[in-house]
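> Chain by chain, the residues:
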Amino acid sequence: MDNFSRLVATLRNFSYAMAERDLLGGAHNLKLMDFPTKVFEMILRRMNVIEVFNLSIISKMIRTKILLANIQIDCLEVICDGVHQKIILRNHWKDPVLQFTFDGKPAPFGWMLGKYKLKIRLCGKLKSGYHNLETLLHKYHHLEGLFIAFRFCRTDFDHREILTLNRVCFVDASWFTREDLLNSRFQNLKLLFHNLNSEDINAFIKHWLASDDTRFNRLELMCQPGKRLNKLQVTKDLDIMLWEKQRRESEYLIDHIQSPYLTDTRQGFDIERKDGLLATILIKENSFMFCVWHRRFYRPEVQEYPRRTMKLLNNL
Amino acid sequence: MSVENAPVVDVDEAAIPVEKKMYYRFESNDKKEFRVSELAIQQSETLNRLVEAMGYTSEDVENKPAIAIENIDGKTLKLVFQWCEHHKGEAIPVDDGSVPKIVEIPEFDAKLMDIDNGLLFKLIWAADYLNIVQLLNVSCKKVANMAQGKTPAQLRRVYLLPSDEEDEAAKRAAQEAQDPRAREVEEEFEERKRQGGNSFF
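Going line by line, the protein sequences match chains A and B. Residue numbers 2 to 317, in this note's numbering, belong to the letters of the first sequence in order. Residue numbers 161 to 361, in this note's numbering, belong to the letters of the second sequence in order.
Derived from the structure by calculation, the hints contain no laboratory data. From a predicted model like this one, the values you see are computed outputs, not experimental measurements. Using N, Cα and C, we set each Cβ at its ideal position, and we do this for glycine too. Hints may be right or wrong, so weigh each one.
Below, simulated PhoX-like cross-link-like pairs (lysine-lysine); rule was C-alpha separation at most 20 angstroms, straight line [stated by the list, open to error]:
hint: 1; chain 1: A; residue 1: K61; chain 2: B; residue 2: K331
hint: 2; chain 1: B; residue 1: K271; chain 2: B; residue 2: K224
hint: 3; chain 1: B; residue 1: K224; chain 2: A; residue 2: K32
hint: 4; chain 1: B; residue 1: K248; chain 2: B; residue 2: K271
hint: 5; chain 1: B; residue 1: K248; chain 2: A; residue 2: K32
hint: 6; chain 1: B; residue 1: K191; chain 2: A; residue 2: K32
hint: 7; chain 1: B; residue 1: K271; chain 2: A; residue 2: K66
hint: 8; chain 1: A; residue 1: K232; chain 2: A; residue 2: K275
hint: 9; chain 1: B; residue 1: K310; chain 2: B; residue 2: K238
hint: 10; chain 1: A; residue 1: K39; chain 2: B; residue 2: K282
hint: 11; chain 1: A; residue 1: K207; chain 2: A; residue 2: K237
hint: 12; chain 1: B; residue 1: K191; chain 2: B; residue 2: K238
hint: 13; chain 1: B; residue 1: K248; chain 2: B; residue 2: K191
hint: 14; chain 1: A; residue 1: K237; chain 2: A; residue 2: K285
hint: 15; chain 1: A; residue 1: K61; chain 2: A; residue 2: K32
A few chain B positions that, by computed beta-carbon distances, are all more than 12 angstroms from chain A [claimed, not checked]:
hint: 16; residue: I252
hint: 17; residue: N277
hint: 18; residue: W285
hint: 19; residue: N305
hint: 20; residue: E326
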């Protein structure tokens, strides 16, 4: 190795060492678990919910200690979705019924956090100025999506901020208006029990056709019980096309994080934007899906995904 | 007031303070002596009770040996007393141990705690031992702040948290250390198995 290479290697190692030193605070002997229990709890109480959560997934031991600390952070209930996989960080300040609780098993944290993507289901009542939701949105940079099952109050949230996440589902979307639909930008959005009508949906499709939004991927809607969509009104004044196998796949990939699947879209109506982006409109009596084909044909391995019928109440 | 100007002095380094107040003398486990005002001592519940119980007069302070604090070293104790002097007379917060705390670290405290993690660890232990509520409050906040913006993997390194495997290994090692004979028996059993014997006896 010549002198120059040696110098470069030395400098590189030095910069790595400095970065590590900055991360560790100059010395390596601050063992969190070695603090007395009282001090450990005091430190936890000075962290935010995301930091405590991140700590909890490091080991069983730390999870047990956090559990014993019985921290009540706020009135935020977070449930990570999945049949046997859920995290409960339940807390409700001034209400001892809801406690900060961790599922003691390590398995529940597995599949999404491996990729540093966290999908969270929020339900219950949120109080205290929604502090912890703000924390989630602002501080957890790996948050992939939110499944929101609580009663949403427009005065307490800026929903556009939530919609910047890749995947969002509002279980009670009765507050969501036509203006919200047209003026918000989102990637994958599910609205259940909404009050949008066929004209609103038609306006949304026209809005997409006139836009240059390349982030949007899928909109799924499920009507309130008793309400129906009118197929003719939804597709009014649109240049719709029937499925052709030369144009696109017959099945659309519902790319849920947990269990992606292919759904038959041959019955859907296609529309093409000026820039060539293709989308399909699927309308059933009480449900609607608008999906964009960022790839009109999938790689062979995608064909091996399971097939299911269109499901709106599913994972993100 | 800056950290450097805080009125905690090593007895061998500075003159007796000018202010006519009651002072106490304390000695660390490495024989460093400190002179601390009565008002500053009140920040520490432990020391306050101790000096009250002793009932010292000003003469006693000068004539009797310094009060020994056996489990805190001089470097840590100096920081503790600097903090107490700077915050003397301030109300002591009541920690109800329930709410998530929003704690602001004052500039003086931030400078005082601009130390390596080893010393910070000792400072927190000392604040806990001496029951200095507000010092414990801000020092815990300092440690909590280290978690900001960190991934779980980074947190593991920052707080030196063992993984599940390391915990298991440590547990096994502790068990083996408790009963070395058990390990010998196990090794003998394994050896006999290798030699073809099915029965240990």
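> Are there hints from earlier that the structure breaks, and if so, what are their numbers?
2, 3, 5, 6, 7, 8, 9, 13, 17, 18, 19, 20
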